[in-house]
Amino acid sequence: MVFGKSALELSAFIKEKKLSAVEAASAYIDVIEKNDSRYNAFLAVSKEKALTRAKEVQSQIDAAQAAGEILSPLAGVPIAIKDNISTEGIETTCASKMLNGYAPVFNAAVIEKLEKAGMVVVGKLNMDEYAMGGSSETGIKGAVHNPWDTARVAGGSSGGSAAAVASGEIPIALGSDTGGSIRQPCAFCGVTGIKPTYGSVSRYGLIAYASSLDQIGPIGQNIDDSAALLSIISGPDARDSTCVIQKPFEFGEAGSKLEGVKIGLPRNYFSGGIDDEVKNAVLSVSKEFEAAGAVIEEFEMPFMDYVIPTYYIIACAEASSNLSRYDGLKYGYRSSGAQSLSEVYRLSRSEGFGLEVKRRIMLGSFVLSSGYYDAYYKKALQVRALIKDAYNNLFSKYDMILSPVAPTTAYKIGENSGDPIKMYMGDIYTVSINLAGLPSAALPCGFDSAGLPIGFQIIGNAFSENKLIGAARVYQSRTGYHLKKPEGAKV
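The opening position of the sequence shown corresponds to residue 112 in my numbering, with each subsequent residue numbered one higher.
Calculated from the structure, these hints are not laboratory results.
Every residue, glycine too, gets a C-beta built ideally from N, C-alpha and C.
Mixed in with the good hints, there may be bad ones.
Claimed, not checked - EDC-like mimics (lysine to aspartate or glutamate), calculated; alpha carbons at most 20 Å apart, straight line: (1) K160 to D141; (2) K441 to E462; (3) K595 to E120; (4) K578 to E401; (5) K578 to E370; (6) K358 to E226; (7) K398 to E408.
To be verified - What follows is a set of in silico ranges between Cβ atoms, one per label pair, in the way DEER data are often shown: (8) E364 to S397: 16 to 26 Å; (9) N379 to Q357: 33 to 43 Å; (10) K508 to D173: 24 to 34 Å; (11) P359 to A178: 58 to 68 Å; (12) R378 to E127: 42 to 52 Å; (13) S451 to N379: 33 to 43 Å; (14) S382 to D173: 57 to 67 Å; (15) K166 to A214: 17 to 27 Å; (16) D485 to S588: 50 to 60 Å.
Throw the hints in and build the complete structure from the sequences for me.
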């Protein structure tokens, strides 16, 4: 009765008393304990805490129903959280040795909102260390395995979130997206996610990677689940000065047509560097949108050669600043071999951070250093402004843009980990959205010849989530790729 249902359907069952919140949480925890050795999607499962919370939630649901109150659309639903989002009393490590054993004394703003909505947090999800990576291989507890083929990566950095939903270990999850970290795992694992507009979801309690780029978002089985979760976690928060939204998103009923909607298709995204099977699957999406009444128009996406260097200069610069707080003194890992203060700093950071994190800190420190600031960081900020202006111009012509998420499907674990440039180029279609602070929804649209999922994204102007979700609903009402499950998934 629990499995094979979307998060919205599961909540409806709980409200109809066909199932209790405790039974739902217990069933999913059992599946995680039984199956996660195959996927390594979870870093921590808080079983007792979750079951206690589920009892409280069930009592709240019963009392609210008796009083005739309207319940959250996801009340009673179990959820798992990417391990860079603070959860009170539950270890939050960013998949890093540096934060091993750290349990926050407060909840992130999004966790407070989940609890107010009657959701049940069951555990923390694996990821790339400090969200720095595109494959979920760099974490201290090892790689996340793709449920469609456990020899392959799940994408990153929110790989645990996408793999847990795809495998049926959890009905819905939270991830974060700094340069594609929600969308790329969704594409690799065949699930649906939303990278919201920057400033629409509070970052309070999100352990920072790059503060001007990070944004928390939902990963679900379909667009309706993801939209429902986004409506819960979005909204103002005085503790985050960049959270500028005035009220949470509200998403109406799904339409069946896209009459009058104009969608841009960047032709240079489909020439060179993209697998033919990915290209054909994404182009088939444009035909589906056309059949639903949309107008598709090709254009040339500007600044393609500059988005990757611009993103990595800015992201690494911010990372080098944000991660300077981990000094081996206040909290986190401290080297046992340090004999002096300078050795505490040097050895703790050398031993506590992994290779990819250290690479990005060094790159960021370099571009911010005297003599190079103007040549690299300042220029990157100028190009970022040009990219934002280019998107503003495009959205004066188009309602949304259709794009691939990644140039390939999921590759084998270890295949690209020794080639950072190749890994970084996997973000070619996603990072410009973060640089411009725009929303994007990622959805499955087919499979390659190896049976691996292919994803696409639709990109909108700032705070146009309603348009994107409407188009995604139309697509998923016309296709069934989001209903496909990997062999062995708990459905």
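Assessment of proposed distance window 58 to 68 Å (beta carbons of P359, A178) | At roughly 22 Å between Cβ atoms, A178 and P359 fall outside 58 to 68 Å, so the hint is violated.
Taking 50 to 60 Å as the hint, is the beta-carbon distance of D485 and S588 inside that range?
-> With Cβ atoms ~51 Å apart, the hint holds.
If you draw a straight line from the CA of K441 to the CA of E462, is it 20 Å or shorter?
-> Holds: K441 and E462 sit about 16 Å apart, inside 20 Å.
Has the hinted range 24 to 34 Å been met by the Cβ atoms of K508 and D173?
-> violated, 52 Å
Regarding the pair K578 and E401, is the alpha-carbon distance no greater than 20 Å?
-> With a Cα-Cα distance of about 16 Å, the restraint between K578 and E401 holds, given a limit of 20 Å.
Do the alpha carbons of K398 and E408 lie within 20 Å of each other, as the hint requires?
-> Holds, because 12 Å separates the two Cα atoms, which is no more than 20 Å.
How does the Cβ-Cβ distance of K166 and A214 compare with 17 to 27 Å: does it lie in that range?
-> holds, 22 Å
Given pair status - E370, K578, alpha carbons within 20 Å = holds, 12 Å
S382 and D173, beta-carbon distance inside 57 to 67 Å?
-> Cβ of S382 to Cβ of D173: about 58 Å, so the range 57 to 67 Å holds.
Could one say that the CB atoms of R378 and E127 fall in the range 42 to 52 Å?
-> Holds, at about 49 Å.
Does K160 pair with D141 here, judged by a C-alpha cut-off of 20 Å?
-> With Cα atoms ~14 Å apart, K160 and D141 stay inside 20 Å; holds.
Are the Cα positions of K358 and E226 separated by 20 Å at most?
-> It holds: about 18 Å lies between the C-alpha atoms, which stays within 20 Å.
Checked against the numbered hints given earlier, the structure breaks hints 10, 11 and 13 and satisfies all the rest.
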